[in-house]
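Student: Using the hints, position chain B against chain A.
Protein chains in written order, with the numbering used here: chain A, 1 to 334; chain B, 1001 to 1334.
Derived by calculation from the structure, the hints in this document are not laboratory data.
Even for Gly, the Cβ is constructed at its ideal location relative to N, Cα and C.
With a Cα cut of at most 20 angstroms, we get these calculated EDC-like pairs of lysine to aspartate or glutamate:
(1) Lys1026/B with Asp118/A
(2) Lys1026/B with Glu141/A
(3) Lys264/A with Glu173/A
(4) Lys26/A with Asp1118/B
Simulated coverage check for chain A against chain B, where a stretch passes if three residues somewhere in it have a Cβ under 8 angstroms from a Cβ of chain B:
(5) 51-59
(6) 81-90
(7) 121-128
(8) 132-146
Label pairs and their calculated CB-CB ranges:
(9) His143/A with Thr1057/B: 45 to 51 angstroms
(10) Glu308/A with Asn1194/B: 53 to 59 angstroms
(11) Arg1022/B with Pro303/A: 34 to 40 angstroms
(12) Glu116/A with Ser1099/B: 39 to 45 angstroms
(13) Glu308/A with Glu1116/B: 42 to 48 angstroms
(14) Arg1022/B with Gly297/A: 20 to 26 angstroms
What follows is the residue order along each chain.
Number of protein chains: 2
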Amino acid sequence: MALSERDLIEHIRKQAAASSARGLIKGIGDDCSVFGTSARGAWLVSTDMLVDGVHFTREWHPPRLLGRKSIAVNLSDIAAMGGVPRFFLLSVSLPPWLSSEWLFQWLEGVSAILSEYDCVLIGGDTVSGQELNISVTVLGEQHPAGIIYRSGARSGDTVYVSGPLGSSAAGLEILKRTGGDGLQRNSGWEILINTHLDPIPQVQLGQVLCASGCVSAMQDISDGLATDLSHICNESGVGAVIRGQRLPHLPELDEVCSALQLHKSDCILRGGEDYQLVFCVSRGREKDLEEYVKKAGNYVVYPVGTIEMGRGVSLEDDQGRRRDITFQGYEHQL
Amino acid sequence: MALSERDLIEHIRKQAAASSARGLIKGIGDDCSVFGTSARGAWLVSTDMLVDGVHFTREWHPPRLLGRKSIAVNLSDIAAMGGVPRFFLLSVSLPPWLSSEWLFQWLEGVSAILSEYDCVLIGGDTVSGQELNISVTVLGEQHPAGIIYRSGARSGDTVYVSGPLGSSAAGLEILKRTGGDGLQRNSGWEILINTHLDPIPQVQLGQVLCASGCVSAMQDISDGLATDLSHICNESGVGAVIRGQRLPHLPELDEVCSALQLHKSDCILRGGEDYQLVFCVSRGREKDLEEYVKKAGNYVVYPVGTIEMGRGVSLEDDQGRRRDITFQGYEHQL
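Pulled out of the complex, with its shape left as it was, chain A reads as follows:
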């Protein structure tokens, strides 16, 4: 297809922006759109589509865990705005060869994670197709004044991430190379594989960051730190520099990268699907923030860089040398 996905999104976004709309607080261009009023404030909404063979591999993704992940990726969008997830709509296109057993297990995974997050399924559609396609819409709540957007980063802010990066990318690579037997065969690396198969969205932490009053901008890391931080920079009209040696990762990532000859920095910067949060803290509020999250839930967060004047995202090595890493990862978010 000649048309790039980014062209298409730009086209849709322009058309959407052309309309003025009563009750719309924030349209296309963030992890969620924000509209209306609710008991708690405003409504957040986001949607994702997952296709077999593109976003997941049915052969090695246990249906229960895929059910959980189908919901988790949307929970992560709510987390990225500091919201409280409430309702889900779930549509699925079912190929004729799909077994009822698979489907029931998938649904069990969906139900389990919904109840863990006190969310309710309020709609959906089941259709026949040749390709397994899962489309999920989530609705959440948050007070409009408390919502954290991508657009609030300012020069001098410190860039943080909420946890280790690269685990999901390495886990996926193990699964690819072992054809899905990775869980059994590579004892010790389960944590990486599990991050890929059953990622944990940072919903509670997102709300804590929101309540801290110290966070200027936030986004979830679904497409890789380089790409997702580029979104924050673009929306905020700033640049960012990331210090390579500061990026948190699990010790298992080092092992796997040696064993499988993977580029560790690619996993960390471009891997995506860790569903951690990247966020910016106003200059001088770093200590307050770190104490606040520690107190609120014993969370540890990791300063990894700085927001600067300019454009784009750079990676700085321990010699102080910089290279541009803007938008180096997946791009499929609208």
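Tutor: Structure of chain B alone, referenced to chain A:
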């Protein structure tokens, strides 16, 4: 697949019903779910998935009209609750062979109908796939006290439909038999073909019916009158009898059914996709209702039957003979 779609929906519905949820006014089981509070009352939400070769045939469906229909089927769900449509989310899985030209025309159709109904696109996702799959979520508003559910029909109510039935089914049949050249070749039947390709959701009429205060239950006719009225009967715990000779249809339907040897009653009762409304009017309010809609927008509505004690939907012929037609049509709605 051994599991029927109805089993699956029942399974999901049970799980959904098991949760109590603050702010949820009506969960799965109607054209829309209803939640929260809004300036105008409450929010309505519904979602539909359309798959190439199942819900539409790309070969003969002009992309602009398919774009319109992708939105129209969801507008119709809002219409069926008497709501005001506001926001849309639109996800699409794009196969590699799809041309940018097709996509831009499809998007033009989407944009055109959104602006006609004063709606705004507030989110979505574009992904790669092997099958063209379109997933649409709509949000609308209505005062909770004004929303018309499927569950309000009472014995003695009169069953109405909002316009001619069977047009879309006949239009589809013409397209199938002429391989999509129908529009050019069969002058005079365009109205049937257009109803299939570019159906008009009854959004304004739905709101008028809502405001009339005379309507006890309502649903849109997407899967055929027999099936859609069965939903009303099931949810209301009543039965219905339809008088065959009262069912409105276009004169072109008679012509096409003769020419192509189609069963007219199948088109009318089981055809679906006309996106008219079927609704019930409380006993003794029929005259009021007919005058109200005439005054409000010169609408004509058609009494076609009666709600009775019991279960299921029967068709009564002009001799007074009855046969059961419960759930004779498509079933894919959650």
